[in-house]
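A.B. asks: Chain residues, written in single-letter form:
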Amino acid sequence: MKLKDKLIQAYKDGATRGLSFEAEREKYIQQLEEMGFPTIKDEEWKYTNLLPILKNDYQLSESLSEVTAQSLEEYILTDTDTHLVVFVNGQYSEELSSVDDEHACICSLAEAEVKKPEILKKYWGSCLPENPDSLVALNSALSNNGTFIYVPKNKVIENPIQIVYITNDVSADLFLQTRNLIVVEENAQAQITERHQNFDGKEVFTNALTEINAAANSIVDFYKIQNDKRSCTLIDNTWVNQEKTSNCTVDTFSFGGKFIRNNLSFLLNGEYAESNMRGITLIGQNQLVDHHTLVDHAVPNCQSNELYKGIFDDNAKGVFNGKVMVRPDSQKTNAFQSNNNLLLTDSASIDTKPQLEIYADDVACSHGCTIGQLDDEALFYLRSRGIPFKEAQAMLMYAFANDVLSNVKIPELKEKLNRIIAEKLGVELNIEV
Amino acid sequence: MTEEDKILEEVTGAEYKYGFTTDVESDTIPKGLNEDVIRLISKKKEEPQWLLEHRLKAFESWKKMEEPDWANIKYKKPNYQDIIYYAAPKQKKELKSLDELDPEMKKTFDKLGISLDEQKKLAGVAVDFVMDSVSVATSFKDKLGELGIIFCSISEAVKEHPELVKKYLGTVVPTTDNFFSALNSAVFTDGSFCYIPKGVRCPMELSTYFRINQAGTGQFERTLVIADEGSYVSYLEGCTAPMRDENQLHAAVVELIAMNDAEIKYSTVQNWYPGDANGVGGVFNFVTKRGLCHKRSKISWTQVETGSAVTWKYPSCILKGDDSIGEFYSVAVTNNYQQADTGTKMIHLGKNSKSTIISKGICAGKSEGSYRGLVKIQKSAENARNFSQCDSLLMGDKCGSHTFPYIEVKNKSAKIEHEATTSKIGEDQIFYCNQRGIGTEEAIALIVNGYCKDVLNQLPMEFAVEAQKLLAISLEGSVG
Numbered sequence: 077m078k079l080k081d082k083l084i085q086a087y088k089d090g091a092t093r094g095l096s097f098e099a100e101r102e103k104y105i106q107q108l109e110e111m112g113f114p115t116i117k118d119e120e121w122k123y124t125n126l127l128p129i130l131k132n133d134y135q136l137s138e139s140l141s142e143v144t145a146q147s148l149e150e151y152i153l154t155d156t157d158t159h160l161v162v163f164v165n166g167q168y169s170e171e172l173s174s175v176d177d178e179h180a181c182i183c184s185l186a187e188a189e190v191k192k193p194e195i196l197k198k199y200w201g202s203c204l205p206e207n208p209d210s211l212v213a214l215n216s217a218l219s220n221n222g223t224f225i226y227v228p229k230n231k232v233i234e235n236p237i238q239i240v241y242i243t244n245d246v247s248a249d250l251f252l253q254t255r256n257l258i259v260v261e262e263n264a265q266a267q268i269t270e271r272h273q274n275f276d277g278k279e280v281f282t283n284a285l286t287e288i289n290a291a292a293n294s295i296v297d298f299y300k301i302q303n304d305k306r307s308c309t310l311i312d313n314t315w316v317n318q319e320k321t322s323n324c325t326v327d328t329f330s331f332g333g334k335f336i337r338n339n340l341s342f343l344l345n346g347e348y349a350e351s352n353m354r355g356i357t358l359i360g361q362n363q364l365v366d367h368h369t370l371v372d373h374a375v376p377n378c379q380s381n382e383l384y385k386g387i388f389d390d391n392a393k394g395v396f397n398g399k400v401m402v403r404p405d406s407q408k409t410n411a412f413q414s415n416n417n418l419l420l421t422d423s424a425s426i427d428t429k430p431q432l433e434i435y436a437d438d439v440a441c442s443h444g445c446t447i448g449q450l451d452d453e454a455l456f457y458l459r460s461r462g463i464p465f466k467e468a469q470a471m472l473m474y475a476f477a478n479d480v481l482s483n484v485k486i487p488e489l490k491e492k493l494n495r496i497i498a499e500k501l502g503v504e505l506n507i508e509v
Numbered sequence: 158m159t160e161e162d163k164i165l166e167e168v169t170g171a172e173y174k175y176g177f178t179t180d181v182e183s184d185t186i187p188k189g190l191n192e193d194v195i196r197l198i199s200k201k202k203e204e205p206q207w208l209l210e211h212r213l214k215a216f217e218s219w220k221k222m223e224e225p226d227w228a229n230i231k232y233k234k235p236n237y238q239d240i241i242y243y244a245a246p247k248q249k250k251e252l253k254s255l256d257e258l259d260p261e262m263k264k265t266f267d268k269l270g271i272s273l274d275e276q277k278k279l280a281g282v283a284v285d286f287v288m289d290s291v292s293v294a295t296s297f298k299d300k301l302g303e304l305g306i307i308f309c310s311i312s313e314a315v316k317e318h319p320e321l322v323k324k325y326l327g328t329v330v331p332t333t334d335n336f337f338s339a340l341n342s343a344v345f346t347d348g349s350f351c352y353i354p355k356g357v358r359c360p361m362e363l364s365t366y367f368r369i370n371q372a373g374t375g376q377f378e379r380t381l382v383i384a385d386e387g388s389y390v391s392y393l394e395g396c397t398a399p400m401r402d403e404n405q406l407h408a409a410v411v412e413l414i415a416m417n418d419a420e421i422k423y424s425t426v427q428n429w430y431p432g433d434a435n436g437v438g439g440v441f442n443f444v445t446k447r448g449l450c451h452k453r454s455k456i457s458w459t460q461v462e463t464g465s466a467v468t469w470k471y472p473s474c475i476l477k478g479d480d481s482i483g484e485f486y487s488v489a490v491t492n493n494y495q496q497a498d499t500g501t502k503m504i505h506l507g508k509n510s511k512s513t514i515i516s517k518g519i520c521a522g523k524s525e526g527s528y529r530g531l532v533k534i535q536k537s538a539e540n541a542r543n544f545s546q547c548d549s550l551l552m553g554d555k556c557g558s559h560t561f562p563y564i565e566v567k568n569k570s571a572k573i574e575h576e577a578t579t580s581k582i583g584e585d586q587i588f589y590c591n592q593r594g595i596g597t598e599e600a601i602a603l604i605v606n607g608y609c610k611d612v613l614n615q616l617p618m619e620f621a622v623e624a625q626k627l628l629a630i631s632l633e634g635s636v637g
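As given, the protein sequences belong to chains V and P, one line each in that order. Position in the first sequence counted from 1, then plus 76, gives you the numbering used here. Position in the second sequence counted from 1, then plus 157, gives you the numbering used here.
Next up, chain V with everything else stripped away, as it sits in the complex (with noise of 0.2 Å):
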């Protein structure tokens, strides 16, 4: 059977029963009958071919299994104070997660239900478009479990929150639709980060979805560390709303996996609300990296910023699509797109595509865009002062990585994550954060 069939099936024999948005699912799981998967024949899927991945005959859920938090630390930040959120194969591990929700409701999607019926109920799908692609109709029909972040008006939550999503112990390939509901009201703060992670080897999908509302003046920071197996893919919906004087940033380090694909869409839909993504990429072998953006701005006086660093070793293969809408009278919009790449080899390659659609007159847009490799200069300079040719290139490449990384505001997901850079480098970089 096609996975889409399998998929209609699943959910006509009650995958979701019993589940709230009943009426809503209903809708999104005709659209996905309607629309199909995506293919390249699609503008937005022009360079990345999904139909290798929809081969496989997956399975679409699987029990819980056994993981010990020992084997957890290395995904996870140890040495800050955390709330930690943890999914073992698409269900919540109570054992695992540990949750203060003193200041801020913090819980799985099920157990918000019964805590928070009136907020869930008030955001749950309200970031997404009225005619999403299929990807987000197929979450958001299926989707049974996820992680549900409630920060109340004025709260500050200190301490990052950290989501997990495991699979292990897989007894055949697994397909899952993991979905978050963060919602930061007024003059509130968060720190998010989210990481999927496969123990076991096998071919994991996820479709993820993340929707994001960012009340007045609130601020939201959401880090998505992407460094999964070589079996796993993972294609990544976040949607966010941003009101009035707001600040959100996602930012996405993509390292591991097969197949990453990222649907980052932005609305501005409050005045001076400002809006940053970045992003290092820094793949090899045959990896594949696929960054779609879409900023809309759709009152006056927003800004947005974008940032993404690519490296592209061996075969990988580079996707960028960022789009910035700017609506009719969203005038003094200021919005900064860029988007830079190295290519390592003859068989990696990148393709890019910067777009602007500009409706109003008094607007500060741009976007810059490069593809390049280290400059043979610099790296003459280096070694001409006894650094190795291997380092001296790990050096350039960092220095190249460091402007997304910079701004990463937990020290010790900054550290994690250079160490990992290194790794990926194949040196020892003793460099301090």
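Misleading hints may appear alongside valid ones.
As the list claims (entries may be wrong) - Taking lysine-lysine and the DSS-like style, the derived pairs with C-alpha atoms no more than 25 Å apart in a straight line are:
hint	chain 1	residue 1	chain 2	residue 2
1	V	LYS131	V	LYS78
2	V	LYS399	P	LYS572
3	P	LYS231	V	LYS399
4	P	LYS536	P	LYS567
5	V	LYS408	P	LYS555
6	V	LYS122	V	LYS399
In case anyone wonders, no lab produced these hints; they're calculated from the structure.
Since the structure of chain V is provided, determine the placement of chain P on it from the hints.
C.D. replies: Okay, now just chain P, sitting in the frame of chain V:
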């Protein structure tokens, strides 16, 4: 009087100043498109069998194609059965000299400011004049002939140099390339042909003037320029059409071939009728232009696009040879309800190939301008280099400006830079001019000219002056 004053003076009076029809009796065939029409066109032009077959083959593939709709433009699709595919000014016999030319037509030339006689001889421009897609006169032919340069209408070339036409026609833009080029290949009636022999540097600018005159006709001209090894040519193209409230179709194909070490500079000033201030009428300009660069050769496209209701145009370079160079300089101005989706494609195949893209868009009124470009570096293109810059200037809050740059790189040694900006004319810039006694309208003309300087500098002298005036006329009334 300074140049700026002249512009201003023209600005205050101008509507579309080239909007007159010439009352020349024209030889047209019935509306519609089918195989018989193509056979008829071919017969009227006394073409050889191979060309007819070429046309029919193109027609076959056209029938299977669909009109593209990916561009960021909205228009009512023309009814292709409602177009007259052949309209030639009626002329009984072949002309020996310009004196024999129809006096009405001669007046047209004068009105356009292209007198085929003394003036242009002094200017040193050889002109091929194509009216309703049939070439009517070519000047300076003999003088060019001495150098071995062939510059004539393409129908004449088919008769006199069939081997050249047969060898190169459709090699850069194949008949199956796209909807409009297939249509053009099936029904093209005339155009210019130019061949520069080995090692010859063409001593003067070659120029073609296109004009749609007859009501209800489409213009489908075909241009083929071949620069043989080590030669150089600079080619100019100008376009106008009279005012009509229907939409006329213009679907041209231009093919350039630069052999080893050759250089072709191709400049266009496009000023087809853009429609009136309410968006009624105007020309649909759907053009396919492409050049093929062999080793160490260079093709440079320069365009100033001020006219047409809808423009769909992507002059491209295929940088096949090692060390070849492609350049694209463009100014696209849209006002009122005009729409332009234009840009370029640079396909890098050869080692050390270089390309430069400078695109300047100016949008006013309720118009929409888009830059759509592709830079593609294939695996074989070692050390390829590209620099792209696309800037947009917005005048008024009802217009839209968009950029769609595609960059595809498959070679690590490539160096690609792309940057784009969108902004409006700064209030401080205008204030600075006002404060020094320069009126707002004049200040804007000044700033726009400065903004376009990079591109206008690439145009030959006489064209640059015309282009500057055109810019001012197109933007008239868009202030405030």
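A.B. asks: Against this structure, judge whether each hint is valid.
C.D. replies: How the hints compare with the structure:
1. LYS131(V) to LYS78(V): 8 Å, holds
2. LYS399(V) to LYS572(P): Holds: LYS399(V) and LYS572(P) sit about 23 Å apart, inside 25 Å.
3. LYS231(P) to LYS399(V): 21 Å, holds
4. LYS536(P) to LYS567(P): 5 Å, holds
5. LYS408(V) to LYS555(P): 15 Å, holds
6. LYS122(V) to LYS399(V): With a Cα-Cα distance of about 15 Å, the restraint between LYS122(V) and LYS399(V) holds, given a limit of 25 Å.
Of the hints listed earlier, there is not a single one the structure fails to meet.
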